[in-house]
Structure formats: C-alpha cells, structure tokens
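Asks: These are the residues of each chain, in order.
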Amino acid sequence: MSERVFVTGIGTISAIGNDIESTFHSLLDSKSGVGPIRHLKTKHSNDFVAGEVNHSNEELRMMAGLSEDFICTRTALLGIIAAREAVKNAGLSNLDMETTGLISATTIGGMDKSEIHYHDYIQGDNLEYAKTHPCGDNTEKIAEALGITGFSTTISTACSSSANAIMFGARMIKSGQLDRVVVGGTDALSKFTLNGFNSLMILDKEPCKPFDENRKGLNLGEGAAYLVLESANAIDLTGKTPLCEVTGYANANDAFHQTASSPTGEGPFLSMKRALEKAGLSPGDISYINAHGTGTDNNDMTEGLAIQRLFGEYVPKFSSTKAFTGHTLGAAGAIEAIISILAIMNGFVPPSLNIKTPVSDHYIRPQKEALLNQVIEHVLSNSFGFGGNDSSLLFSKLRK
Amino acid sequence: MMNLTVSQSIKIENKKVFLNRQLYFEMPQDTDFPTFTKALYKHAETKYPKFFKMDKLARLGFIAAEVLLNGQSLTEEYPSDKIGVILSNSSSTIDIDTEYYNTIKDKDNYFPSPALFVYTLPNIMIGEICIRHKFNGENNLFVEKEFNPDFQIKYINGLFDQQRVQACLGGWVDYSTKGYEAFLFLVEMADEAKIPFNIESILKLYK
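If you read the sequences in order, they're chains A and B. Just so you know, our numbering puts 176 at position 176 of the first sequence, and the rest follows in order with no gaps. Just so you know, our numbering puts 10 at position 10 of the second sequence, and the rest follows in order with no gaps.
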C-alpha cells in the first residue's frame with residue numbers, strides 16, 4: 001500500500017511541440033499548433049484546420065528510433081515518442097522497465113493505417129498492418145518499444161480515456177499492486193474522426209474559441225502524453241525528487257445523452273466534486289482548472305455552469321488549452337494533465353486563446369493571457385467524453 | 001466486515017439467455033442478431049424505442065442490463081452517483097466502425113453518418129445503460145484479449161473499498177461479425193453473501 005502517488009516523469013508530443021520543453025514554450029508564448037492539415041490525406045484538408053503533429057510517419061519513426069521492421073501505426077509512433085520521454089525524464093533504466101506497468105488509452109487505435117490500407121486488405125495485401133488495428137495492439141507496441149513486460153492494459157472511454165488511465169494507474173499504486181506505472185494516451189488524426197465529428201456538425205472550420213460567446217465547435221488534434229507514476233516506496237528507494245503528486249481523481253457518468261452534456265453538467269459537477277473529496281481539499285484550495293473546454297456550444301456552457309455550481313463566488317483561474325493542441329481525443333486527458341503539472345512546476349497559468357467575448361450566461365471568466373510567478377498549489381484537470389464519461393484529476397505541489 | 005455479493009447475473013450466448021444461471025429465453029441457432037434481440041426486447045416487455053437506433057454492441061449491453069435488472073430500480077435503493085458500471089470487451093466497436101467506415105470510404109458514395117459515428121466508441125454502450133437507469137457513478141471500459149475476472153474483481157472491490165460505489169454492474173459485452181457474448185453481474189453489499197463476489201463465483205456464473 002502506498003498512501004501517496006507521485007509523478008516522477010512526463011513526456012508529450014502534440015501540435016505545440018515534440019517534447020516537454022517545446023510544449024511549455026509554446027504555451028508561454030501563446031503559440032497555437034492549430035493550422036492547415038498537411039499530413040493526413042483527406043479531401044477536407046482545405047476545409048478544416050487541425051492540431052496536427054507536423055511530421056511525416058517516416059520522421060516520427062526516426063524520432064522514435066525504430067527500424068522499418070517495427071510495424072506500427074502513427075498512433076503507436078506518437079505514443080512511443082512521448083512514453084520514451086516520460087521514462088527518460090523519470091531517470092528509469094532498462095532494468096526498471098521490467099517492474100513497470102503500462103496503462104495506455106486510445107480511441108482510434110490503428111485507424112490511421114487501416115484507412116491507408118483498407119482497399120489493400122480486401123485484396124489481401126499489406127496485411128501486416130491489419131494486425132495493428134486493435135486499440136490493444138498500440139499498447140503492446142509501446143510496451144515492446146519500452147521493454148515493459150509486466151502488467152499492461154488499454155482503456156477506451158472516448159475523450160476521457162487517458163484521464164481514466166491516469167486514475168487507474170494511481171489506484172494500482174495506492175493498492176500496492178504496482179510500484180511504478182507509465183500512464184497516458186495516444187491518438188493520431190484520421191479521416192474516420194474528421195468525417196465523424198464533421199457529421200455531428202461540431203467542428204469549427206476556423207481555430208476554435210473555447211469559452212467564447214461565439215464559439216463554433218472544436219478542432220481535432222493528435223498527439224500523445226505519458227506520465228510515470230511511482231509509489232512512496234519506490235521514491236524512498238531511489239531518493240529521487242518527484243515533480244508533483246496525484247492527490248485526487250474521480251469519474252462519474254452524466255447519464256443524459258450519448259454525445260451531449262446534461263443542462264446542469266451533473267457528470268462534470270460530480271467528477272470535480274469527488275476529485276476534491278478524494279484529495280481532502282475544498283474548492284478554495286484549487287489554484288487553477290485546466291478545463292475540458294472543447295469549444296463546442298454544449299460543452300463549454302455546461303462545464304462553466306458546473307464550475308460555477310461547485311466553486312460559487314470564488315472561482316480559481318481557469319482556461320482551456322484545446323485552442324493550442326486541438327482536441328486530441330484519447331490523448332487529451334494526459335496532454336492536459338501534463339500542462340497542469342507544468343503549471344504547478346513553473347507557477348504558470350496557460351491562457352485560453354481566441355476569446356473575444358466571454359460566455360454571456362457565465363459570470364466566470366477564463367484566463368486570456370499566460371501568467372507566470374503564480375502560486376500554484378493544486379490544479380484540477382477535466383476530461384469529459386461521449387457516453388457521459390466524465391473524469392477529473394487533481395495534481396498537487398509537493399508538500400515540504 | 002463488508003461482504004460483497006453477486007445478486008444477479010446474466011449470460012447471453014448462442015441465442016440463449018441465462019438469468020441467474022436459469023434458462024430465461026431461447027431462440028433457434030439460425031436466428032440473426034436483430035431478430036433475436038428484438039424478440040428478447042419484447043419478451044422482457046421493454047419499452048424503450050431508442051433501443052432500435054442503437055448499434056449492435058450497445059443493443060447487446062443494453063438488453064442484458066434490462067433483463068438483469070428486470071424492472072428493479074437501483075436508484076431507489078442507492079444514491080445514483082454510487083452506482084457504477086465497469087465493463088470490458090475484446091472487439092471494442094469493430095462492427096459499427098466498419099459500418100461507419102463504409103459510409104466514407106468511397107468518393108462516389110460518400111455520406112458520413114452521425115447516427116453511426118456516435119456508436120464508434122465502446123463506452124457509448126455504458127452511456128446507454130447509465131441513461132436508461134440513471135446511474136451517475138464511476139464507469140470505465142477496458143479492451144482486453146479475453147474476459148479477465150481477476151482484473152474485474154480487483155477493480156470493483158477497489159471501488160467498494162474506497163466507497164466510490166454501493167452497487168456496481170460488471171462484466172463483458174463483446175460483439176463482432178464472428179459472434180457475440182454478454183455476461184453481466186450486479187455486485188451489492190450484503191450482511192451475508194449468498195454468492196460471494198470472488199473468482200470462483202464469477203467463473204461459475206460465466207461458464
């Protein structure tokens with residue numbers, strides 16, 4: 001049993017950077033990664049903007065240090081690059097990996113490759129890629145590249161997937177089942193999701209404007225992020241200084257609609273409230289909320305109402321970073337967890353971009369400019385998914 | 001000492017439905033999925049027309065929960081935010097993924113369908129169950145090679161230990177063109193566990 005769960009390493013790749021450092025600088029400089037679609041082959045490339053990782057699969061393969069023989073998808077390549085950085089950041093050796101678990105989230109798995117080779121598959125060609133289609137195969141590829149041979153599993157709960165992976169990893173450490181676990185998620189852009197979200201009519205053709213009165217929808221993005229979580233026991237053995245602590249987490253179901261939030265944001269309210277309860281904190285302790293803030297009419301309205309309901313008069317600083325990265329679906333929870341951790345480590349509040357007019361039905365106001373030299377003790381990170389699957393994570397500065 | 005008991009279970013496989021290990025409903029082996037589930041829907045006297053808009057995976061999970069709960073309203077016994085749903089499967093949403101993909105794969109025959117796309121996430125099945133029964137508690141979906149009772153028992157036990165749930169649906173709901181299988185069980189607290197929530201019981205019920 002470990003009463004406490006520590007974050008000892010982080011790694012990410014997204015439209016705003018290939019690693020932690022470049023990600024942090026993009027956030028600090030309000031530099032969005034949302035732009036024209038260059039790599040995904042779609043007839044919609046001139047219709048929409050997206051938060052695409054600006055590298056071809058070949059370039060990603062080089063960055064991941066993998067040979068041509070290592071058959072894997074873009075989803076797995078992004079995952080391997082981010083997970084490698086997290087493991088390196090935590091100072092783990094190859095030997096450590098044998099006793100490390102992996103919980104990886106994804107929503108589209110190997111769809112990117114299946115789309116390219118779909119017609120080949122029917123002809124019986126390129127079948128080696130067909131095996132990379134399942135969500136679980138991407139987890140296995142990441143485990144293989146990292147040398148993780150122990151416990152591994154895959155979570156698929158839409159846009160809250162990687163928040164749930166982090167929550168589950170923290171629980172496994174608390175219950176003493178693991179001393180160390182790599183947790184996070186990865187998703188590549190695909191025609192599948194671009195067409196799907198377009199058919200739902202919730203894509204903004206321009207860069208998205210979360211928490212703006214005139215928001216028109218979300219931009220899709222891609223990327224991956226992983227955290228290394230360790231128990232107090234593991235920390236004692238190595239004497240390393242953790243980056244921060246996972247103090248709270250909760251998941252709730254909105255039980256309202258497959259793709260829309262309930263008018264009162266019941267699920268979001270419950271997940272935030274119970275994450276605070278788990279950490280033994282009160283609303284006034286929270287320094288910053290990294291909102292789910294997709295830029296859709298429905299999400300931002302109901303998330304804002306849930307925040308107002310929970311926090312009342314004294315609402316902490318909050319922002320959505322989706323206008324930087326696009327909505328990276330199964331990776332979003334982990335990417336935003338890392339942004340929350342960067343906020344704690346650097347006394348920093350990332351801004352919500354593209355806001356001209358705040359939401360008139362809210363009295364709360366998002367943070368529009370990056371802030372440094374802040375006292376950031378506790379950060380709440382929200383991830384809400386289709387199916388009403390709502391999760392909140394709570395990260396805290398290390399107690400002296 | 002808190003005892004966890006499996007108060008209900010259901011298994012749907014090979015056109016047969018076993019409720020608490022008793023044969024509840026059966027159809028000929030050559031019955032197709034829509035006919036089978038529609039007949040089961042009628043047999044259970046379900047009134048929920050949205051059922052027919054669901055994809056096959058959600059329909060399977062939904063009707064399993066419907067027969068399992070059999071009109072019992074768990075929210076009268078427990079706070080709605082203390083009722084959880086933890087499921088796993090192997091095929092994720094491959095069936096509806098393929099169906100949806102067929103709507104976008106050809107330039108000449110291109111009609112991306114929102115009604116299909118919505119179901120291309122396995123946790124939508126959990127959402128449908130939660131919407132129907134007003135469960136607001138923790139819900140999660142794991143993609144695993146096969147049904148892993150050890151894993152589910154540990155996860156659900158953890159939820160009870162941490163007082164996250166007071167009742168929880170667990171199990172396995174898998175649909176692909178190769179076949180389908182649903183196994184759901186309801187875990188509750190009891191003074192005396194008639195069917196203790198452990199691997200032996202779950203394997204026996206699953207068998």
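Hints were generated in silico from the structure; no laboratory data involved. Accuracy of the hints is not assured; some may be wrong.
What the hints assert, rightly or not - In silico contact screen, one side only, chain B against chain A (beta carbon under 7 Å); selected entries:
1) 18
2) 117
3) 118
4) 136
As the list claims (entries may be wrong) - Restricting the straight-line Cα-Cα distance to at most 30 Å, the calculated cross-link-like pairs of lysine-lysine (DSSO-like) are:
5) A:43 x B:105
6) B:16 x A:278
7) B:178 x A:216
8) B:154 x A:41
9) B:107 x A:191
10) A:368 x A:397
11) B:50 x A:174
12) B:134 x A:273
13) A:174 x A:43
14) B:50 x A:191
15) B:178 x A:131
What you are looking at is a predicted structure, and each value in this text was computed from that prediction instead of being measured. From the three backbone atoms N, C-alpha and C, an ideal C-beta is built for every residue, glycine too.
Asks: Each hint needs a verdict: does it hold in this structure or not?
Replies: Against the structure, the hints come out as follows:
no.	hint	in the structure
1	18	violated, 27 Å
2	117	holds, 4 Å
3	118	holds, 5 Å
4	136	holds, 5 Å
5	A:43 x B:105	holds, 12 Å
6	B:16 x A:278	violated, 43 Å
7	B:178 x A:216	violated, 41 Å
8	B:154 x A:41	violated, 43 Å
9	B:107 x A:191	holds, 13 Å
10	A:368 x A:397	holds, 24 Å
11	B:50 x A:174	violated, 41 Å
12	B:134 x A:273	holds, 19 Å
13	A:174 x A:43	violated, 48 Å
14	B:50 x A:191	holds, 28 Å
15	B:178 x A:131	holds, 16 Å
Checked against the numbered hints given earlier, the structure breaks hints 1, 6, 7, 8, 11 and 13 and satisfies all the rest.
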